[in-house]
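Novice: Letter by letter, the chains look like this.
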Amino acid sequence: MHFARVTGTVVCTAKVPSWRGQRLLLMQPTDPHGVPQGRHLVAVDLVSAAPGQRVFYVRGREAANALPDADNPADAAIVGIVDDVRAPEAATGDVPAGTSRGPGGG
Amino acid sequence: MFLARVVGDVVATIKHPALEQRKLLLVQPLTGDGAPVGRPSIAVDSVDAGVGDHVLVVDEGNGAAQVLQRPRGPIRTVVVGVVDEVAGA
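As they're listed, the protein sequences go chains C and F.
Note that the first sequence ends on residue 183 in this note's numbering; no numbers are left out.
Note that the second sequence ends on residue 123 in this note's numbering; no numbers are left out.
Incorrect hints may appear among the rest.
To be verified - Computed Cβ-Cβ distance ranges for the label pairs, DEER-style:
1. F:119 with C:128: 41 to 49 Å
2. C:90 with F:65: 46 to 54 Å
3. F:72 with C:152: 13 to 21 Å
4. F:121 with C:136: 12 to 20 Å
5. F:121 with C:92: 47 to 55 Å
6. C:150 with F:121: 40 to 48 Å
7. F:121 with C:100: 20 to 28 Å
8. F:118 with C:137: 24 to 32 Å
9. F:105 with C:115: 27 to 35 Å
10. F:121 with C:88: 50 to 58 Å
11. F:100 with C:86: 34 to 42 Å
12. F:66 with C:146: 35 to 43 Å
13. F:94 with C:90: 33 to 41 Å
14. C:90 with F:68: 46 to 54 Å
What the hints assert, rightly or not - Computed far set for chain F versus chain C, every beta-carbon distance over 12 Å:
15. 36
16. 41
17. 43
18. 74
19. 80
20. 81
21. 90
22. 94
23. 99
24. 103
25. 117
26. 120
27. 121
As the list claims (entries may be wrong) - If you want the footprint, here are the derived chain F segments under chain C, 3+ residues with CB under 8 Å:
28. 47–53
29. 105–113
It should be emphasised that the hints constitute simulated quantities derived from the structure, not laboratory data.
Remember, it's a predicted structure, so these values are computed and weren't measured experimentally.
Glycine included, C-beta positions come from ideal geometry on N, C-alpha and C.
Please model the complete structure; the sequences and the hints are all you need to start from.
Specialist: Encoded structure:
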């Protein structure tokens, strides 16, 4: 599982039937300190996350398994909302100055 | 599987039911000689590992489900061993 920040919602009126009733969120993957990493992803939301919140997500087949019916094509799923990351030492070497390590607003 | 160092833990009140009662560890992957490489992952603990431990991590859903004795679910990254020694790295 990896960290991300929710940046928006994705609405699709026409979508695969197995996603009916599921929320899709746009998110920016981050490192443990909240620094953006790579491109945005769209993920199925299992925890009622909101834009601005820090979350963690799973990728691959396990994302589809997160839904009540695993027979669906999801390849990313938000499975938790981050309250806190407790890392006594810097988890990744260089942390840009002024980077927020808190869960952030939202 | 990969070698990693536990560098922290993650607190999450709201999470998928499959993650309830599970300790979530922040693990930094390591090279064979112990240098950090790549980005940290969040892993479910199964061996009572803690911050600072050198660990073995599996990143595959079937193995994860087997270790956690659950049906296949959304978990794929699990700490499955605490490493005592790596020889010949």
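Novice: Confirm or reject each hint.
Specialist: Against the structure, the hints come out as follows:
For residue 119 (chain F) and residue 128 (chain C), the hinted distance range of 41 to 49 Å is satisfied, since their beta carbons lie about 47 Å from each other. Checked against the hint of 46 to 54 Å, the C-beta distance between residue 90 (chain C) and residue 65 (chain F) comes to roughly 48 Å, which is consistent with it. Under the hint 13 to 21 Å, the C-beta atoms of residue 72 (chain F) and residue 152 (chain C), about 20 Å apart, fit the expected range. As the Cβ distance of residue 121 (chain F) to residue 136 (chain C) is approximately 33 Å, the hint placing it in 12 to 20 Å is violated.
Checked against the hint of 47 to 55 Å, the pair residue 121 (chain F) and residue 92 (chain C) passes, with Cβ atoms roughly 52 Å apart. For the pair residue 150 (chain C) and residue 121 (chain F), the supplied restraint of 40 to 48 Å holds, since their beta-carbon distance comes to about 44 Å. Our hint of 20 to 28 Å for residue 121 (chain F) and residue 100 (chain C) is violated, since their Cβ atoms are close to 49 Å apart. For the hinted restraint 24 to 32 Å between residue 118 (chain F) and residue 137 (chain C), the CB-CB distance of approximately 30 Å keeps it satisfied.
Between residue 105 (chain F) and residue 115 (chain C), the C-beta spacing of about 31 Å keeps the proposed range 27 to 35 Å intact. Take residue 121 (chain F) and residue 88 (chain C): their Cβ atoms lie about 55 Å apart, and the range 50 to 58 Å holds. Between residue 100 (chain F) and residue 86 (chain C) the beta carbon distance is about 36 Å. The supplied range of 34 to 42 Å therefore holds. In this structure, residue 66 (chain F) and residue 146 (chain C) meet the distance hint of 35 to 43 Å, their C-beta atoms being roughly 41 Å apart.
The beta-carbon spacing between residue 94 (chain F) and residue 90 (chain C), approximately 36 Å, falls within the hinted interval of 33 to 41 Å. Checked against the given bound of 46 to 54 Å, the beta carbons of residue 90 (chain C) and residue 68 (chain F), roughly 52 Å apart, stay inside it. Against chain C, the non-interface label of residue 36 (chain F) holds: every CB pair exceeds 12 Å, the least being about 15 Å. The beta carbon of residue 41 (chain F) is not kept farther than 12 Å from every beta carbon of chain C, the shortest such distance being approximately 4 Å.
Under the 12 Å C-beta cut-off, the non-interface status given to residue 43 (chain F) relative to chain C is violated; the minimum distance is some 5 Å. Under the 12 Å C-beta cut-off, the non-interface status given to residue 74 (chain F) relative to chain C is violated; the minimum distance is some 5 Å. For residue 80 (chain F), the condition that its CB be more than 12 Å from all CB atoms of chain C holds, with the nearest at approximately 15 Å. The Cβ of residue 81 (chain F) lies farther than 12 Å from every Cβ of chain C, with a closest approach of about 18 Å, so its non-interface assignment holds.
The beta carbon of residue 90 (chain F) sits about 17 Å from the closest Cβ of chain C, which is more than 12 Å, so the claim that it is off the interface holds. Once the 12 Å rule is applied to beta carbons, residue 94 (chain F) is inconsistent with being away from chain C; the minimum gap is 9 Å. Its closest Cβ contact with chain C, about 9 Å, brings residue 99 (chain F) to no more than 12 Å, contrary to its assignment away from the interface. Listed as outside the interface, residue 103 (chain F) is consistent with that label: its C-beta sits roughly 16 Å from the nearest C-beta of chain C, beyond the 12 Å cut-off.
For residue 117 (chain F), the shortest C-beta to C-beta distance to chain C comes to about 18 Å, beyond the 12 Å cut-off, and the non-interface label holds. For residue 120 (chain F), the shortest C-beta to C-beta distance to chain C comes to about 21 Å, beyond the 12 Å cut-off, and the non-interface label holds. Non-interface call for residue 121 (chain F) relative to chain C: holds, since the shortest CB-CB distance, roughly 26 Å, exceeds 12 Å. Counting residues of the region 47–53 of chain F whose C-beta lies closer than 8 Å to any C-beta of chain C gives 6; at least three are required, and the coverage claim holds.
Beta-carbon proximity to chain C at under 8 Å applies to 6 residues in the region 105–113 of chain F; the threshold of 3 is reached and the given coverage holds.
Going down the numbered hints, you'll see the structure goes against 4, 7, 16, 17, 18, 22 and 23, while the others check out.
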